[in-house]
Amino acid sequence: MPRLHSFPVAAVLLLPLALHAQTTQQPSIATNSPDGKPLSTRVVAYNIDAKLDTGKKTLDATETLTYKNLTGQTLTSIPFHLYLNAFRPESTFTRETHFTGGVRDSVDESGYPSEKLGSITISHIEADGYGDLTAAMHFIAPDDNNAEDHTVAELTLPHPLAPNDSITFRLAFHDVFPLSVARNGWKRDFIMGGQWYPKPGVFWHGAWNCHQYHSTTEFFSDFATFRVSLTLPRRYLVGASGVPTGEVINPNNTKTLSFYGEDIGDFAWAASPNFTITDGNYLSSLGPVKIHVLALAAHPKAGPRYLDIIQKTLAQFDQRYGPYPYKIVTVIDPEPGSEIGGMEYPTLFTGDTSWYEPTHITEIAAEHEFGHQYWYGMVATNEFEDAWLDEGINSYTEVNVLGAILGPNTSVLDRSYASAGDYENIRLEYTFEPDFDPVTRWAFKFRDFNSYGGITYGKSATLLATLEGIIGRDTMDEAMRTYFLRYRFTHPTTEDFLRTIEEVAIKNGRATALGGTVINRAAQTVPQPDTSPFIPQTGLDAVFNAPANSQVIPISSLRPYFHQAVYGTQVLDYAVDQVSSDPLKWWLPEPKDKKQIQYLSTAYLRRKGDFVLPVTAEFAFDDGTRLREHWDGLDRWTRFTYTRNAKILSVEIDPDHTVLLDKDFFNNSYTTATNNIPARKLSNLWVSLQQLLAQLASWIV
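Using mature numbering (1 follows the signal peptide of the UniProt record, and there is no 0), the letters of the sequence shown map in sequence onto residues -21 to -1, 1 to 680.
To be clear, the hints were calculated from the coordinates, so they are not data collected in a lab. Incorrect hints may have been included.
To be verified - With a cut-off of at most 16 angstroms between alpha-carbon atoms, the simulated EDC-like pairs for lysine to aspartate or glutamate come out as follows: (1) Lys424 - Asp453; (2) Lys30 - Glu75; (3) Lys587 - Asp556; (4) Lys587 - Asp643; (5) Lys587 - Asp561; (6) Lys626 - Asp552; (7) Lys574 - Asp601; (8) Lys587 - Asp572; (9) Lys47 - Glu94; (10) Lys30 - Asp14; (11) Lys30 - Glu69; (12) Lys234 - Asp32; (13) Lys424 - Glu75; (14) Lys234 - Asp28; (15) Lys95 - Glu133; (16) Lys642 - Asp287; (17) Lys587 - Asp453; (18) Lys642 - Asp561; (19) Lys35 - Asp107; (20) Lys280 - Asp297; (21) Lys424 - Glu457; (22) Lys36 - Glu226; (23) Lys626 - Asp643; (24) Lys573 - Asp589; (25) Lys166 - Glu75; (26) Lys626 - Asp589; (27) Lys35 - Glu133; (28) Lys47 - Asp168; (29) Lys574 - Asp589; (30) Lys573 - Asp643; (31) Lys95 - Asp107; (32) Lys574 - Asp602; (33) Lys642 - Asp589; (34) Lys626 - Asp601.
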């Protein structure tokens, strides 16, 4: 049976001393840091010693946690995430998951299946120099005041913690893992340890940010170092965040595995006796990266497939956005029928090898989850409040990366009878519910799960693809790379992202791609989300009144687009409304030479939605002439008229197919000749529906 690489026991025992003694001259064992310096501001240091009972699906652990106060303020309390408590009958997560008609109902505790129960219990917490603090910890529910929700606990400090001071806690906790749910828990012999330990919230923008665990939220945490040991039966193999640093065989038929991670915000692991290992390497621009795949024996082809797609994905991300700085990426092939597939953690993710898969579902899942290493892992977005900056950006980069690897029109399905690219699938998610919520809505405040998924993934990716068509692929690629390199190992916001795009667009002369001029505005006048139509008084210039003595920064004419697509709920839908070509001198007999007939041709274009965007329309005539016209889209309709010796053969809005945010492609064109475009559109829609149904089926246990 394959085993993790073994290190001498002495090396394991001396590892803590080596880590504390590390200088900038010594190379890191976990990252390819060019000079050995930390890549992030390390707020927390974790040292966790855990013992897993694979029969009972429970875990007991001790945790030493050192928190450094880098907030600039004196702290009197620290909140902790206790995510596993979401899997209790009266938790906010469970209430939100089980609802009827949009009204959240509580669950009958007596009828709740015991195997679905999950929990984390802190039995003891103390601090160096202060003794037992267990009584000073209490549950809070900052989002909904649900007294039965225990996913956040607040610890009142015995004495205020001054800026730049540190405090070390020692905790004992007990985990109960649920039957697989929300990419966590167990299925048969497989156990996924995600969000399994007490974790401090993030002090962000002058206050603690520590939301409860909701049915539509993911996670947010500070960068840290992790030293984790896990004791479990010898027959189990384990994949974990960070790098493996040792293995000790114990006399009671167990073993203790050690791992170390740095400059990461979380630590997860997966264990199964049925893993087979496939290893490979990729040489990044910073150094070698080990690709460590743990695939189930029942999926003999999965290991090589994962390895191949991750090698190609690493190359694409390195070239497009920036280098992957860690020395390892671990891929977990989840148990069939579980809800564990398709989840990201720092340097580790779970994939998908469903038997009913479309052609490239394994590759899609692997690329998508790896992409989160950038937009969730390193660019550590607050996924409670700015989920689109991770999921949306990642879905957008997924399309481009998979398109480069698998082909833009075959990245989802590549059969002799049908093919489909990723954009068809992503657009479809958005078009079902395009106007309930803006992409900037906090994840747990969306109307429902469908709106959350369609907007956060589908609309976000589609609005970025449309933006690419506006400012150009090269400028968009440069903006994405600039954003990653500038904000890696920080916690950026929506405005950080949008201003980066504007900055690069201005530099490249693409800031007026929508018309208008580059003007100035105050930094304090960022528009807040609303649902009102946005038609500036001066056409498409973004005009804001700057307060006196305010800092003035440049703004591009892209702001109206951002205001509608990012901050608003306006729907973009342009249509060819009516087309006609009639003889100009209709009362005269028709000449024998029809080329001598002059026609008055009229075409009406209509803005059916409330999203205003300049568009291009192409008019084709039966003499072979093609004309392109530009419409600013400000009015609800416009009319184009032509007097020429030819009839209009066809009209198409957005002939280059760059305005992907348009809700309805079917009304974008008119033709009098046989054309296979509508049939192709219907075919793509059908393929996308099949893909969506397959994805929904994958969530069924």
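For each hint, the structure was consulted:
no.	hint	result
1	Lys424 - Asp453	35 angstroms, violated
2	Lys30 - Glu75	32 angstroms, violated
3	Lys587 - Asp556	10 angstroms, holds
4	Lys587 - Asp643	10 angstroms, holds
5	Lys587 - Asp561	26 angstroms, violated
6	Lys626 - Asp552	26 angstroms, violated
7	Lys574 - Asp601	10 angstroms, holds
8	Lys587 - Asp572	40 angstroms, violated
9	Lys47 - Glu94	38 angstroms, violated
10	Lys30 - Asp14	36 angstroms, violated
11	Lys30 - Glu69	28 angstroms, violated
12	Lys234 - Asp32	12 angstroms, holds
13	Lys424 - Glu75	11 angstroms, holds
14	Lys234 - Asp28	13 angstroms, holds
15	Lys95 - Glu133	26 angstroms, violated
16	Lys642 - Asp287	35 angstroms, violated
17	Lys587 - Asp453	31 angstroms, violated
18	Lys642 - Asp561	32 angstroms, violated
19	Lys35 - Asp107	33 angstroms, violated
20	Lys280 - Asp297	26 angstroms, violated
21	Lys424 - Glu457	33 angstroms, violated
22	Lys36 - Glu226	22 angstroms, violated
23	Lys626 - Asp643	26 angstroms, violated
24	Lys573 - Asp589	42 angstroms, violated
25	Lys166 - Glu75	23 angstroms, violated
26	Lys626 - Asp589	32 angstroms, violated
27	Lys35 - Glu133	29 angstroms, violated
28	Lys47 - Asp168	38 angstroms, violated
29	Lys574 - Asp589	42 angstroms, violated
30	Lys573 - Asp643	37 angstroms, violated
31	Lys95 - Asp107	37 angstroms, violated
32	Lys574 - Asp602	9 angstroms, holds
33	Lys642 - Asp589	12 angstroms, holds
34	Lys626 - Asp601	6 angstroms, holds
In summary, the structure is inconsistent with hints 1, 2, 5, 6, 8, 9, 10, 11, 15, 16, 17, 18, 19, 20, 21, 22, 23, 24, 25, 26, 27, 28, 29, 30 and 31 from the numbered list given earlier, while agreeing with the others.
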